[in-house]
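Number of protein chains: 2
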Amino acid sequence: MFSIGSLSQKTGVKVTTIRYYEQIGLIDPAIRTEGNQRRYSESELERLGFIRHARELGFSIEAIGKLIELNQLPDKVCAEANTIAYKQLVETQAKIASLKRLETELLRITKHCKGDGQISDCYVLSSLGDHGKCISNHGADESN
Amino acid sequence: MFSIGSLSQKTGVKVTTIRYYEQIGLIDPAIRTEGNQRRYSESELERLGFIRHARELGFSIEAIGKLIELNQLPDKVCAEANTIAYKQLVETQAKIASLKRLETELLRITKHCKGDGQISDCYVLSSLGDHGKCISNHGADESN
DNA sequence: ATAATATCTACAGTCACTAGAGCTTCAAGG
DNA sequence: CCTTGAAGCTCTAGTGACTGTAGATATTAT
Numbered sequence: 670m671f672s673i674g675s676l677s678q679k680t681g682v683k684v685t686t687i688r689y690y691e692q693i694g695l696i697d698p699a700i701r702t703e704g705n706q707r708r709y710s711e712s713e714l715e716r717l718g719f720i721r722h723a724r725e726l727g728f729s730i731e732a733i734g735k736l737i738e739l740n741q742l743p744d745k746v747c748a749e750a751n752t753i754a755y756k757q758l759v760e761t762q763a764k765i766a767s768l769k770r771l772e773t774e775l776l777r778i779t780k781h782c783k784g785d786g787q788i789s790d791c792y793v794l795s796s797l798g799d800h801g802k803c804i805s806n807h808g809a810d811e812s813n
Numbered sequence: 670m671f672s673i674g675s676l677s678q679k680t681g682v683k684v685t686t687i688r689y690y691e692q693i694g695l696i697d698p699a700i701r702t703e704g705n706q707r708r709y710s711e712s713e714l715e716r717l718g719f720i721r722h723a724r725e726l727g728f729s730i731e732a733i734g735k736l737i738e739l740n741q742l743p744d745k746v747c748a749e750a751n752t753i754a755y756k757q758l759v760e761t762q763a764k765i766a767s768l769k770r771l772e773t774e775l776l777r778i779t780k781h782c783k784g785d786g787q788i789s790d791c792y793v794l795s796s797l798g799d800h801g802k803c804i805s806n807h808g809a810d811e812s813n
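Heads up: the protein sequence lines correspond to chains L and A, in order. Throughout the first sequence, residue numbering follows the numbering used here, covering 670 to 813 in sequence. Throughout the second sequence, residue numbering follows the numbering used here, covering 670 to 813 in sequence.
You may find that some hints are simply not true.
[Said to hold, decoys possible] As a list, the in silico BS3-like pairs of lysine-lysine whose alpha-carbon atoms are at most 30 Å apart:
no., chain 1, residue 1, chain 2, residue 2
1, L, K735, A, K802
2, L, K802, A, K735
3, L, K764, A, K745
4, L, K764, A, K764
5, L, K783, A, K745
FYI, nobody ran anything at the bench for these hints, they're computed from the structure. Predicted model, so just to flag it, every value in this text is computed and none were measured.
Using the sequences plus the hints, can you model the full thing?
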């Protein structure tokens, strides 16, 4: 059995985050010692590792919750897990594309400025004041 | 003079966000009508456009506040504006690199799963449960 | 036994918004 | 002029995923 600090060390998930996950129901409430301290099993260690891994891959807490549910139903078809993962892939690719556009503009803006001019002639500031100078249509994702 | 709704429409910044920006001091409090409604000038319209543009490029509210201050000091050297923009560029590039690594793993995970197997044999779930299968070291940015 | 470290809960903060309740003001139409 | 609907107001709390701290208790090491 592991203490919360031990679990945190082994998984890389912070103590406060582990408590948070318990609070929001992502993980089950831990059993307690007589002194009210949490203790975790090996399988709970593995579960938290799964969660951390999925978080690193950008899955939302909600999606991870679903994946965990699916994992409890071995007879279920895994199309849903695949859908969740595929959706995550698509979102990641969209984010990359969007950031690439931002990079283009930031490169353009920064390479014109040697940082020794006056503010009144500042290319960074004038570029930010004038979207018309932008080559790439970097508008924030219009999905919202 | 523009109403807040008018300003919102012209700039693409939502009404609630404009109020929020006033609350946090990013923009000056608007003058009011007898009926207590906000009215904005052409120059305030331009200022909000600047802010929106900078937000789209990923600058934080804090950074934008600094850029706005710099803009008020025409005699100041623009090295600081350049620093802010360059820092933003570097962060954007780091984020792209990180997302690329995530994409690699998500591609690997999703392409193995046709979605018709059982959960007990699910590659998505087993991959999330076992970081050892990862080709790319996609650990979350360890900058935190 | 004592001191240091780990753990606990409760509450609030982070960042950039966002929503909704309940009210007032404004503008358009009859 | 009156009515109605749209726009605007403040206040408060919520979003998502954490994160920090105060004040207390429990555990571990010396």
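Results for each hint:
1. With a CA separation close to 22 Å, the supplied pair K735/L and K802/A stays within the 30 Å bound.
2. A hinted pair counts as satisfied when its Cα atoms are at most 30 Å apart, and K802/L with K735/A qualifies at roughly 22 Å.
3. For the proposed pair K764/L and K745/A, the alpha carbon gap of about 36 Å is over 30 Å, so the pair is violated.
4. Annotation: proposed proximity of K764/L to K764/A holds, straight-line Cα distance about 10 Å (limit 30 Å).
5. A distance of roughly 14 Å separates the Cα atoms of K783/L and K745/A; the hinted pair therefore holds under the 30 Å criterion.
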